[in-house]
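Here the structure of chain A is known, so what remains is to put chain B in place on it, guided by the hints.
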Amino acid sequence: MNKPSRVLRLDRRRHLKQLLAAGGALAASGCDQLADSPRVNATLDAAQGWTYTAQRLLLGRDALAQEYAASDISPHPRSNGSSTPGTDEYNRLASNGFRDWRLAVGGLIEQPLSLSLEDLRQLPSRAQITRHDCVEGWSYIAEWKGVRLAALLDHARLKPQARYIAFFCLDTLEMTLDGTGQYYETIDLRDAVHPQTILAYEMNGRPLPIPYGAPLRLRLERQLGYKMAKYLTRIEAVASFAHIARGKGGFWEDRGYQWYAGI
Amino acid sequence: MSAQAPAVETQRRSPDRERELRDGRRAVYRHPLPVRVWHWLNVLCVIVLIPSGLQILNAHPALYWGKASSFAHPWVTFGAFGSIGDGPAFPSWITLPSWQDLADGRSWHLFFAWIFVASGLAYVIYALASGRLANTLWPSGSELRGIGRSIVDHLRLRFPEGEEARRYNLLQKLSYIAVLFVVLPLMVVTGLTMSPGMDARLHLLTEVFGGRQSARTIHFLTACALVLFIVVHLAALLAAGPLNELRSMVTGWFILARRRRAQTP
Chain A
180 MNKPSRVLRL DRRRHLKQLL AAGGALAASG CDQLADSPRV NATLDAAQGW TYTAQRLLLG
240 RDALAQEYAA SDISPHPRSN GSSTPGTDEY NRLASNGFRD WRLAVGGLIE QPLSLSLEDL
300 RQLPSRAQIT RHDCVEGWSY IAEWKGVRLA ALLDHARLKP QARYIAFFCL DTLEMTLDGT
360 GQYYETIDLR DAVHPQTILA YEMNGRPLPI PYGAPLRLRL ERQLGYKMAK YLTRIEAVAS
420 FAHIARGKGG FWEDRGYQWY AGI
Chain B
459 MSAQAPAVET QRRSPDRERE LRDGRRAVYR HPLPVRVWHW LNVLCVIVLI PSGLQILNAH
519 PALYWGKASS FAHPWVTFGA FGSIGDGPAF PSWITLPSWQ DLADGRSWHL FFAWIFVASG
579 LAYVIYALAS GRLANTLWPS GSELRGIGRS IVDHLRLRFP EGEEARRYNL LQKLSYIAVL
639 FVVLPLMVVT GLTMSPGMDA RLHLLTEVFG GRQSARTIHF LTACALVLFI VVHLAALLAA
699 GPLNELRSMV TGWFILARRR RAQTP
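As they're listed, the protein sequences go chains A and B. Under our numbering, residue 442 is the last one in the first sequence; the count climbs by one each step, no gaps. Under our numbering, residue 723 is the last one in the second sequence; the count climbs by one each step, no gaps.
These are computed hints drawn from the structure, not numbers from a lab. There's no promise every hint is true.
[To be verified] Label-pair restraints from in silico Cβ distances:
#, chain 1, residue 1, chain 2, residue 2, range
1, B, Gly604, A, Arg369, 55 to 61 Å
2, A, Pro217, B, Leu615, 44 to 50 Å
3, B, Gly482, A, Asp211, 45 to 51 Å
4, A, Glu246, B, Val690, 52 to 58 Å
5, B, Trp551, A, Asp333, 36 to 42 Å
6, B, Arg614, A, Asp224, 33 to 39 Å
7, B, Ile688, A, Thr266, 50 to 56 Å
8, B, Ser556, A, Asp224, 32 to 38 Å
9, A, Gly228, B, Trp498, 24 to 30 Å
[Stated by the list, open to error] Computed from the model, here is a short list of chain A residues facing chain B with C-beta under 7 Å:
#, residue
10, Trp229
11, Gln234
12, Leu238
13, Gln245
14, Ser253
15, Ser258
16, Arg305
17, Glu315
18, Gly316
19, Trp317
20, Glu322
21, Lys324
22, Pro390
Each residue gets a CB set at the ideal place from its N, CA and C atoms; glycine is no exception.
Pulled out of the complex, with its shape left as it was, chain A reads as follows (with noise of 0.2 Å):
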């Protein structure tokens, strides 16, 4: 045997066990540090700027989400999130079929409008059937209709300052002490011109359900099932939305879920 290569080779081999052992080590106790670092995140989080500028190069600004047919309408759907806001205020306004219900549109536009359901409907409309697909992996098919956003948008003349649109809905998913517990979500202008952009006051034919958001809803096509901000009751023209609630651009996006919803 040729002893300097054996002494190498042996010397290689607890190297390698040392390097084996390190990172069996890092795998087991270090995945749920690294989960848990801020720093971490935050460079996780640059996956999200990749894909929204992926898909806005890939999509552009009108490419449609695929629409079904009517024998492809899940006879049974799901909701998720709040099954209904449950306040005191909400059921009376559903107790006579929302007459007494308004959206108010404010923030940076020309024309502040407060609309009821009768005003939104004479607005242009649009009707589609949609698949909707919910960050937890399951997907529905169904027929909405509804205001376009572009059209109440072109209403109310937005002022140049404006980048997004917020939305504020009428339920608390969570109870919290400065009320950042309320549902709201967030969207840019290039979303809410989009075609099939709406605010939903039918389902399937029929005035919307309450676990789907009655009366009135955000459908935006093209991203995942939270970003359809439910129970609408006031929508805002903004120029950021840091300043809302934690900052984040929506209820869930608060708690860590991405603002690009479209993955």
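Chain B only, in chain A's frame:
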């Protein structure tokens, strides 16, 4: 190594691709740097993508076929799906993060999906441009005709030695090609068709899979195929000599086993 070697020999076994060790064994340079970098990036990606994928699946541990979910009739469910209080379907030791957190699971999964796709594309370009695909991975007709023999050899755990170990054997080539051109692309494409954004562009592809929920199911099954490949890959590594194989994937150099003494006079 020697200037006196015949010309053909130097071309095929140039000194930077082969050398003799002091104990007389020969080492061949089997894995160029891009292959090694890609291999270890893939190790990292798989270590993150599979546990974070199971974290995501934990949010709704049921699979369906078709465009939408038929909630009452899933194709398959995992764990105690539907009953509350029995804990997650996939236990904490196999998910990332270990606690149940769909948001974090998605962050890990989508970040490393980007790394996985970018490095995979870079590798494919490299493998095509360098000729590695044609020279090293694609089996020849005569090799293919020897498939029966190759299978029998594998079943007997008889691995190529000496000169035969210079190149990938047939089953190795076929499994690498299957992973490279079927499993990995399927993984990526089924993932992309699940994206409601990409679906607006790739809807025909979603249709090919049979709809988004089918794509999700195929995504899971393909991940299972990948895990199976990794298990076999690791088993083969152990059987063929883990240190030599690991070294070759770290330094590039693979040491050929010496011919048995009985064969030499």
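Hint check:
{"no.": "1", "hint": "Gly604(B) - Arg369(A): 55 to 61 Å", "result": "58 Å, holds"}
{"no.": "2", "hint": "Pro217(A) - Leu615(B): 44 to 50 Å", "result": "49 Å, holds"}
{"no.": "3", "hint": "Gly482(B) - Asp211(A): 45 to 51 Å", "result": "49 Å, holds"}
{"no.": "4", "hint": "Glu246(A) - Val690(B): 52 to 58 Å", "result": "44 Å, violated"}
{"no.": "5", "hint": "Trp551(B) - Asp333(A): 36 to 42 Å", "result": "55 Å, violated"}
{"no.": "6", "hint": "Arg614(B) - Asp224(A): 33 to 39 Å", "result": "51 Å, violated"}
{"no.": "7", "hint": "Ile688(B) - Thr266(A): 50 to 56 Å", "result": "52 Å, holds"}
{"no.": "8", "hint": "Ser556(B) - Asp224(A): 32 to 38 Å", "result": "20 Å, violated"}
{"no.": "9", "hint": "Gly228(A) - Trp498(B): 24 to 30 Å", "result": "26 Å, holds"}
{"no.": "10", "hint": "Trp229", "result": "6 Å, holds"}
{"no.": "11", "hint": "Gln234", "result": "4 Å, holds"}
{"no.": "12", "hint": "Leu238", "result": "6 Å, holds"}
{"no.": "13", "hint": "Gln245", "result": "5 Å, holds"}
{"no.": "14", "hint": "Ser253", "result": "5 Å, holds"}
{"no.": "15", "hint": "Ser258", "result": "12 Å, violated"}
{"no.": "16", "hint": "Arg305", "result": "16 Å, violated"}
{"no.": "17", "hint": "Glu315", "result": "4 Å, holds"}
{"no.": "18", "hint": "Gly316", "result": "4 Å, holds"}
{"no.": "19", "hint": "Trp317", "result": "4 Å, holds"}
{"no.": "20", "hint": "Glu322", "result": "13 Å, violated"}
{"no.": "21", "hint": "Lys324", "result": "19 Å, violated"}
{"no.": "22", "hint": "Pro390", "result": "14 Å, violated"}
Hint check: violations occur at hints 4, 5, 6, 8, 15, 16, 20, 21, 22; the rest are consistent with the structure.
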